[in-house]
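Sequence order for the protein chains is A and B. Residue numbers are given in UniProt numbering: position 411 of the first sequence equals residue 411, and the series is strictly consecutive. Residue numbers are given in UniProt numbering: position 255 of the second sequence equals residue 255, and the series is strictly consecutive.
Hints may be right or wrong, so weigh each one.
What the hints assert, rightly or not - Derived BS3-like pairs (lysine-lysine); straight-line CA-CA distance at most 25 Å: (1) B:93 / A:129; (2) A:392 / A:179; (3) A:388 / B:93; (4) A:353 / A:340; (5) A:272 / A:179; (6) A:173 / A:150.
No lab work stands behind these hints, which were simulated from the structure alone.
So the chains spell out like this:
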Amino acid sequence: MKRTATALTAAVLLAVSGCSNSDGGGSNSSADTPGVTDTEIVVGTHMPLTGPAAAGYSKIAPATKAYFDYVNANGGVHGRKITYKIMDDGYNPANTQQVVRQLVLQDKVFAILNGLGTPTHSGVLDFLKTNRVPDLFVASGSRSWNQPDKYPGTFGFNPDYTVEGKILATHVKTEHAGKKVCFLGQDDDFGRDSLAGIEKVLGPVAAKQSYVTSNPNVGPQMGALKAAGCQVVMLATVPGFTALSIGTAAKIGFKPQFVVSNVGSDPATLAKTLGAAAPLLEGVVAANYLPLVNDTANPWIQLYTKVNKEYNAGAEMDNNVVYGMSVAYLFVQSLQSAGKDLTRDGIIEAVKKGGFTGPGLVPVRYSATDHSGYGGEQLTTIEGGQAKWLGKPFRTDDGDGAVEVYEQAAVAPPANGIPAA
Amino acid sequence: MTVVRDRVTTRIASPPMRRRLSPLLVVVAGAAIVVALTYTLPPFRTYQLATVGAYLCVTAGLTVLTGLNGQLSLGHGALMATGAYTLALWQNKFNLLAVGIVVAVLVTTAVGAVIGLAAARLRGPYLAGLTLAVAVVVPSITSTFDETFNSDQGLSVILNPPPESLTVEQWQAWLCWGAALVTVFVLALLTRGRFGRDMRAVRDDETAARLAGISIARTQVAAFVVSAACAGLGGALFAVMAQSVSPGAFPLTLSLFLLMAIVIGGLGRLSGALIGAVLLVALPAVAHEIGEAAGSQRLEGNLALTFFGVVLVVVMLAAPGGLASLRPFKKKGHR
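Bound-form chain A, shown alone (with noise of 0.2 Å):
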């Protein structure tokens, strides 16, 4: 028992040594906010940058870095530069808790921003309101995050995907009527929510199977939607999984259309993952609410390559590396729109304001009761490696209302690139 007694001296001193390098560094801002310094805001995020979401979903966080650098170059905002802490969590919720708290309690970061993933982040929502961090576009579109009573503190960035499955649906019911349409989705909130939206244009799905990403193998669920005779497969899946199922299905001599999820949908990432099968992607349909990359002519493309190749070490342009510096866009127009005196509650206060207007397609829907983010999309299908707009954007809400097309253009980002107070 000596042993033991020793045994906890040594694991006493090793805590307190350990904890002797976390101290110092706090706060010299006025406000005395976490992470808000005179000269620097310090914000992180969760991120798969390995593991089974990390196929595309790892180039998200690099973005919002390099758009930040390329704020932090031009001055900052309101004289801060902003610090943007990564931290992998392997798309594992176990691993979102750890990494979130280390974020929270020891790099006392000032907010947690653009945390991706539902099974992850939905861990960590308790966790961020007990500890008053606001909770910043989240990189997913459940509906979990827009619940202003019960999580004051979390915005989403995406369209939610029960607006995203109406909008898909009604495509379908216009281009595929008649035809057998069935539903392949994760088996979670973003598999869940999609199908709701999806069933409450279509009704009930003529067979629905779910998949979850601890399991590479969707082999049975493919061939019970192909035993099923589906001729239309609606796919609410994380890119690597949407090229699983799209190789699997061919495999099997399964041809139906597919209509995949934005978040899956990514062509570049889905091609670099089906290598030589790539030709499979022709023809799918899928939805978007920020510009596409291959469309250089638009403004906010050329603001972000040029981000890209001086910030990003020029990694390859991908709508992820879009919507990154689009996450990271709307963070810097609240940032000004809190004003100098940055406080936690003072960002809240700004992002519920509203009133943004970026990249996207349609504008995003924060106000004091609605914490979604983006009110809808535009439908894209794959020609030629690529995806193309069809038609118009749509817009609709969470619930039972029509889904109406949204007329207003786009507008144009600032000549310097970078949002004005």
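Use these hints to put chain B onto chain A, whose structure you have.
This is chain B only, laid out in the frame that chain A set:
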């Protein structure tokens, strides 16, 4: 495995010459240290301290099973998951934490008894295979019965906020260490008495033990049940700390890490279990620091595993009895 076991055997079998501290004294001292630490450490370190406490429940139980009774378990992660899911389901229905923890321990004990009954008939690699299967099956169970367990996303755990005068992290540390110290105390008493002697006898020579009138099967099942109860308690504590449970929190690597931790710490010793629990928290943190210093966040996802492997190799070469067997002050006549 046999090599390690033999070496440990010889060390533990040697008659205890040293004066033994009363377990009660150690537990009281431990509690005092933990309380003092929770008032001095910054929040994140307190959270890590709480995690060490939760791990200690599991490693202490596992080291009794593997070190003292010679049964290898690769499935303790699954037993933790049992405790965690039980607590989550209980909390979301009744929201009574203290009872929930007890229920979690009871349910895991029952599951442990079932596995233990099968395990008592198996030896060596077959036992490892059985427990491995238990660890592997967790994600499949959660996705097959997704209406109850909600698949990979898991369940959130409803908890009342801690008492006003405490921060969340302090509350977590007290809770985890309270449970850990009780576990260690009970295990220390158990292993010092007849049950401990029976377990060692069964581990060292089953035939001799049977000749001495010890029921082999009963001892082995009892050891597995005790160990499972500890794992269930640890799992429930993890569910409380994370306010959520998901299969990703209890992967196969967790079971392997637990085993590695008690081997590195010192098999069969509660002090070794403590060292192991500290390592389980410290090594991934160190791996993270290294990954960050190397400028690649992608490295850290894989670095912890490498790290554990290297430490295991080094410790086994330098101190086959584990870190707890190192006694640097021995020659100086320290106490």
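- prompt: Is the Cα-Cα distance between residue 173 (chain A) and residue 150 (chain A) 25 Å or less?
  reply: violated, 35 Å
- prompt: Given the hint that residue 93 (chain B) pairs with residue 129 (chain A), does the C-alpha gap stay at or below 25 Å?
  reply: Satisfied, since the Cα-Cα distance of roughly 22 Å is no more than 25 Å.
- prompt: Can the restraint linking residue 388 (chain A) and residue 93 (chain B) be considered satisfied, given a maximum Cα separation of 25 Å?
  reply: violated, 49 Å
Satisfaction of hint between residue 179 (chain A) and residue 272 (chain A), Cα-Cα up to 25 Å: Judged against 25 Å, a Cα distance of about 31 Å means the pair is violated.
- prompt: Is the straight-line distance between the alpha-carbon of residue 353 (chain A) and that of residue 340 (chain A) 25 Å or less?
  reply: Holds. Residue 353 (chain A) to residue 340 (chain A) sits at ~17 Å (cutoff 25 Å).
- request: Verify the proposed pairing of residue 392 (chain A) with residue 179 (chain A), using a straight-line Cα cut of 25 Å.
  value: Distance of about 23 Å is within 25 Å: holds.
Checked against the numbered hints given earlier, the structure breaks hints 3, 5 and 6 and satisfies all the rest.
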